[in-house]
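Enquirer: With the hints as constraints, model all of the structure from the sequences given.
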Amino acid sequence: MSFYERYMEYKNFDFEGFFDRVTDRDIINIINKDRRLSELEFLMLLSQKAAKYLEPMAQKAKKLTLQNFGKVILLYTPMYLANYCVNQCVYCGFNITNSIKRKKLTLEEVEKEARAISSTGLRHILILTGESRKESPVGYIKDCVKILRRYFRSIAIEVYPLYENEYAELVEEGVDGITIYQEVYDEEKYKALHLKGPKRNYIYRLDAPERACRASMRNVNIGALLGLHDWRTEAFYTGLHADYLQNNYTDVEISISLPRIRPHFGSFIPDCIVEDRDLVQIMLSYRLFMPRAGITISTRESEKLRNNLIGLGVTKMSAASSTQVGGHTLCDKSDGQFDINDRRGVEEMRQMIYSKGYQPVFKDWQAI
Amino acid sequence: MDDKLIIGDREITSRLFIGTGKFPANRIIPDVVRMSGAQVVTVALRRIDFDSDDENMLKYIPKDCILMPNTSGARNAEEAVRIARLARALGCGNFIKIEVISDNRYLLPDNMETVRATEILAREGFTVLPYMSPDLMDARRLKDAGAAAVMPLGAPIGTNKGLKTREMIKILIDEIDIPVIVDAGIGKPSDACEAMELGAAAVLVNTAIATAGDPAVMAEAFAKAVIAGRKAFLSGMGPVKEYAEASSPLTGFLA
Chain G
1 MSFYERYMEY KNFDFEGFFD RVTDRDIINI INKDRRLSEL EFLMLLSQKA
51 AKYLEPMAQK AKKLTLQNFG KVILLYTPMY LANYCVNQCV YCGFNITNSI
101 KRKKLTLEEV EKEARAISST GLRHILILTG ESRKESPVGY IKDCVKILRR
151 YFRSIAIEVY PLYENEYAEL VEEGVDGITI YQEVYDEEKY KALHLKGPKR
201 NYIYRLDAPE RACRASMRNV NIGALLGLHD WRTEAFYTGL HADYLQNNYT
251 DVEISISLPR IRPHFGSFIP DCIVEDRDLV QIMLSYRLFM PRAGITISTR
301 ESEKLRNNLI GLGVTKMSAA SSTQVGGHTL CDKSDGQFDI NDRRGVEEMR
351 QMIYSKGYQP VFKDWQAI
Chain D
1 MDDKLIIGDR EITSRLFIGT GKFPANRIIP DVVRMSGAQV VTVALRRIDF
51 DSDDENMLKY IPKDCILMPN TSGARNAEEA VRIARLARAL GCGNFIKIEV
101 ISDNRYLLPD NMETVRATEI LAREGFTVLP YMSPDLMDAR RLKDAGAAAV
151 MPLGAPIGTN KGLKTREMIK ILIDEIDIPV IVDAGIGKPS DACEAMELGA
201 AAVLVNTAIA TAGDPAVMAE AFAKAVIAGR KAFLSGMGPV KEYAEASSPL
251 TGFLA
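From first to last, the protein sequence lines are chains G and D. Position 351, counted from 1, in the first sequence is what the working numbering calls 351; the numbers after and before it change by one each time, with no gaps. Position 137, counted from 1, in the second sequence is what the working numbering calls 137; the numbers after and before it change by one each time, with no gaps.
Do not rely on the hints blindly, as some may be mistaken.
To be verified - Simulated crosslink set (EDC-like; lysine to aspartate or glutamate; CA at most 20 angstroms straight-line): (1) Lys-188(D) <-> Asp-174(D); (2) Lys-71(G) <-> Asp-31(D); (3) Lys-142(G) <-> Glu-111(G); (4) Lys-146(G) <-> Asp-51(D); (5) Lys-188(D) <-> Glu-167(D); (6) Lys-196(G) <-> Asp-186(G); (7) Lys-11(G) <-> Asp-34(G); (8) Lys-63(D) <-> Glu-124(D); (9) Lys-161(D) <-> Asp-34(G); (10) Lys-4(D) <-> Glu-197(D); (11) Lys-196(G) <-> Glu-135(G); (12) Lys-112(G) <-> Asp-335(G); (13) Lys-356(G) <-> Asp-214(D); (14) Lys-356(G) <-> Glu-124(D); (15) Lys-63(D) <-> Asp-51(D); (16) Lys-191(G) <-> Glu-131(G); (17) Lys-71(G) <-> Asp-214(D); (18) Lys-333(G) <-> Glu-108(G); (19) Lys-170(D) <-> Asp-138(D); (20) Lys-63(G) <-> Asp-214(D); (21) Lys-304(G) <-> Glu-347(G); (22) Lys-189(G) <-> Glu-111(G); (23) Lys-146(G) <-> Asp-186(G); (24) Lys-231(D) <-> Asp-174(D); (25) Lys-143(D) <-> Asp-103(D); (26) Lys-104(G) <-> Asp-271(G); (27) Lys-71(G) <-> Glu-55(D); (28) Lys-112(G) <-> Asp-51(D); (29) Lys-356(G) <-> Glu-55(D); (30) Lys-62(G) <-> Glu-197(D); (31) Lys-49(G) <-> Asp-230(G); (32) Lys-164(D) <-> Asp-271(G); (33) Lys-71(G) <-> Asp-54(D); (34) Lys-11(G) <-> Asp-230(G); (35) Lys-104(G) <-> Asp-335(G).
Claimed, not checked - Label-pair distances were calculated between CB atoms; the ranges are: (36) Ser-38(G) <-> Asp-54(D): 40 to 50 angstroms; (37) Ser-38(G) <-> Met-137(D): 32 to 42 angstroms; (38) Ala-367(G) <-> Lys-161(D): 48 to 58 angstroms.
Calculated from the structure, these hints are not laboratory results. For each residue, glycine too, the CB sits at the ideal point set by N, CA and C.
Expert: So this is what it looks like as structure tokens:
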């Protein structure tokens with residue numbers, strides 16, 4: 001079984017017709033329901049009709065988030081290890097055809113970055129690479145993890161899709177989380193945006209989160225890159241995917257990110273605009289559909305929006321981010337993957353979260 | 001009235017145990033502990049930041065409390081055992097609350113794995129308090145495995161739904177001769193009072209206090225409810241009757 005089979009069930013589904021038939025009553029009933037929502041109820045929350053009900057949806061989402069997670073926001077930061085990449089994804093700054101400055105951290109540089117980041121109090125780190133088995137092989141990632149374990153209590157990876165045994169090796173080394181975005185769930189659109197390289201293999205990427213679950217990864221975080229395709233259906237597939245993983249791997253903590261495309265090196269213009277209110281509708285729908293799922297909002301979003309999203313469903317936020325290799329300490333940095341929006345440091349984020357009546361959590365895992 | 005609660009080798013002064021997760025800030029925890037009168041305080045080992053000065057939760061727990069680290073995050077017995085040993089090695093004492101959860105949707109405990117972990121940890125000298133689904137046979141197994149108390153859930157964690165498992169908990173209280181501590185689901189002081197009236201040895205409350213508008217005041221409310229419930233239980237409550245008691249008994253002529 002693969003999520004692909006679930007995806008195919010909706011391949012010829014008449015989304016527009018379905019959305020047209022959603023009534024006010026449907027939405028009100030869903031918001032007032034006190035048990036698990038069906039996938040079609042989740043889809044209704046993503047409809048145009050539901051946009052009128054953002055306030056009651058937000059009230060419900062707030063209640064569910066408080067009950068399941070309390071008044072806390074987990075903080076982490078990304079650390080780019082390397083930006084060599086063999087893929088040609090039209091929307092990404094690391095695209096092989098872009099002549100940007102490339103770099104891969106030496107192990108000494110990894111340690112230097114780690115020391116600086118951990119001195120800000122952060123204990124959760126997300127490490128990233130481009131897709132290059134030659135420049136950033138699994139062995140290199142493992143070597144980096146060995147160093148990072150001395151500075152961080154939780155290490156997550158956001159790298160190219162791996163085989164199950166490779167995920168297992170990284171788990172063994174101390175990695176407890178993985179982030180991997182499908183980018184676009186619509187298969188045709190996926191092919192149109194991923195022109196060359198191993199990333200063209202849609203199914204191999206689609207099954208990566210499931211391979212990580214099988215390899216006993218503790219946290220699995222998925223998402224669609226919002227802006228690449230119609231957000232209502234993309235958000236639906238994302239939720240469906242998260243639900244599928246949670247059903248089949250009950251002990252894994254499944255999370256969803258809502259990355260919205262940002263300006264980057266290259267000339268790609270997204271053909272679908274996701275407004276703030278759309279982003280909020282997606283997040284609230286995720287929360288109502290999966291009350292226990294983690295929800296991540298990164299520094300791709302603005303200060304103002306991030307401040308206001310606290311309490312509405314988000315459980316995890318990045319701080320002091322850089323998308324450059326060496327971006328935390330080195331003078332000799334690479335070019336970045338995309339432009340950061342919210343540039344606040346850890347201390348500023350910490351103060352902001354407290355001012356909202358929430359606790360910034362720096363540590364929520366202990367390697368065992 | 002002599003009413004001691006003894007768990008392991010400790011005499012516990014308060015029958016309200018509290019949790020430390022979900023609070024808007026760690027700095028309010030000392031106040032909450034004080035107002036609750038709680039002596040036993042549970043902390044997820046995964047949350048303790050031993051390397052931090054101002055974010056280390058332990059700093060906010062008064063020294064005269066009994067720290068009860070819990071194994072939150074454990075998916076099976078082996079992981080729970082590892083977390084417990086780590087907690088002891090890091091100086092968190094001998095009490096351990098076992099939480100083994102392999103279902104992330106409802107966070108319901110896995111009794112079978114919990115029994116296995118209890119067996120191992122009790123043998124290693126821990127004072128083991130296992131969180132469980134209220135099942136009589138499993139409670140007996142836990143007792144036989146060396147548990148110092150059992151902690152059945154009133155309702156799923158964080159739901160504030162109250163004593164949904166009331167009938168099962170009543171059976172555990174009647175049948176199991178180690179303390180039965182109701183953990184999880186207690187949403188309001190009246191729920192805590194109800195558990196105590198039933199004869200629970202203690203209750204553990206976290207979400208209802210941590211997410212209250214004023215956690216310290218809510219802690220105090222719970223403390224009072226627990227005392228009221230306990231006193232009612234000890235005093236021997238009158239039976240609940242279906243009909244009003246007739247003032248002229250039907251069988252009075254037999255006297």
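Enquirer: Now, for every hint given, state plainly whether the structure supports it.
Expert: To see whether the hints hold, each was checked on the structure:
1. Lys-188(D) <-> Asp-174(D): Roughly 24 angstroms separates the two Cα atoms, so the pair is violated.
2. Lys-71(G) <-> Asp-31(D): holds (17 angstroms)
3. Lys-142(G) <-> Glu-111(G): Between Lys-142(G) and Glu-111(G) the Cα gap is close to 14 angstroms, so the pair holds against 20 angstroms.
4. Lys-146(G) <-> Asp-51(D): holds (19 angstroms)
5. Lys-188(D) <-> Glu-167(D): Within the cut-off at roughly 19 angstroms; holds.
6. Lys-196(G) <-> Asp-186(G): holds (17 angstroms)
7. Lys-11(G) <-> Asp-34(G): Measuring from Cα to Cα gives roughly 30 angstroms; hence the hint is violated.
8. Lys-63(D) <-> Glu-124(D): violated (25 angstroms)
9. Lys-161(D) <-> Asp-34(G): holds (12 angstroms)
10. Lys-4(D) <-> Glu-197(D): holds (16 angstroms)
11. Lys-196(G) <-> Glu-135(G): This hinted pair holds, its Cα atoms lying about 18 angstroms apart.
12. Lys-112(G) <-> Asp-335(G): Holds, at about 19 angstroms.
13. Lys-356(G) <-> Asp-214(D): Cα-Cα ~15 angstroms, so holds.
14. Lys-356(G) <-> Glu-124(D): Measuring from Cα to Cα gives roughly 44 angstroms; hence the hint is violated.
15. Lys-63(D) <-> Asp-51(D): holds (19 angstroms)
16. Lys-191(G) <-> Glu-131(G): holds (17 angstroms)
17. Lys-71(G) <-> Asp-214(D): Given that 20 angstroms is the threshold and the Cα spacing comes to 13 angstroms, the pair holds.
18. Lys-333(G) <-> Glu-108(G): holds (14 angstroms)
19. Lys-170(D) <-> Asp-138(D): holds (15 angstroms)
20. Lys-63(G) <-> Asp-214(D): The hint holds at about 16 angstroms.
21. Lys-304(G) <-> Glu-347(G): holds (17 angstroms)
22. Lys-189(G) <-> Glu-111(G): violated (40 angstroms)
23. Lys-146(G) <-> Asp-186(G): violated (37 angstroms)
24. Lys-231(D) <-> Asp-174(D): holds (18 angstroms)
25. Lys-143(D) <-> Asp-103(D): violated (24 angstroms)
26. Lys-104(G) <-> Asp-271(G): Violated: Lys-104(G) and Asp-271(G) sit about 32 angstroms apart, past 20 angstroms.
27. Lys-71(G) <-> Glu-55(D): Status holds; Cα separation ~15 angstroms.
28. Lys-112(G) <-> Asp-51(D): holds (18 angstroms)
29. Lys-356(G) <-> Glu-55(D): With a Cα-Cα distance of about 17 angstroms, the restraint between Lys-356(G) and Glu-55(D) holds, given a limit of 20 angstroms.
30. Lys-62(G) <-> Glu-197(D): The given pair, whose Cα atoms are some 33 angstroms apart, is violated under the 20 angstroms limit.
31. Lys-49(G) <-> Asp-230(G): Holds: Lys-49(G) and Asp-230(G) sit about 16 angstroms apart, inside 20 angstroms.
32. Lys-164(D) <-> Asp-271(G): violated (51 angstroms)
33. Lys-71(G) <-> Asp-54(D): Status holds; Cα separation ~18 angstroms.
34. Lys-11(G) <-> Asp-230(G): holds (14 angstroms)
35. Lys-104(G) <-> Asp-335(G): holds (12 angstroms)
36. Ser-38(G) <-> Asp-54(D): 40 to 50 angstroms: Cβ of Ser-38(G) to Cβ of Asp-54(D): about 45 angstroms, so the range 40 to 50 angstroms holds.
37. Ser-38(G) <-> Met-137(D): 32 to 42 angstroms: For Met-137(D) against Ser-38(G), whose Cβ atoms are near 35 angstroms apart, the range 32 to 42 angstroms holds.
38. Ala-367(G) <-> Lys-161(D): 48 to 58 angstroms: violated (34 angstroms)
Of the hints listed earlier, those the structure fails to meet are numbers 1, 7, 8, 14, 22, 23, 25, 26, 30, 32, 38, in rising order.
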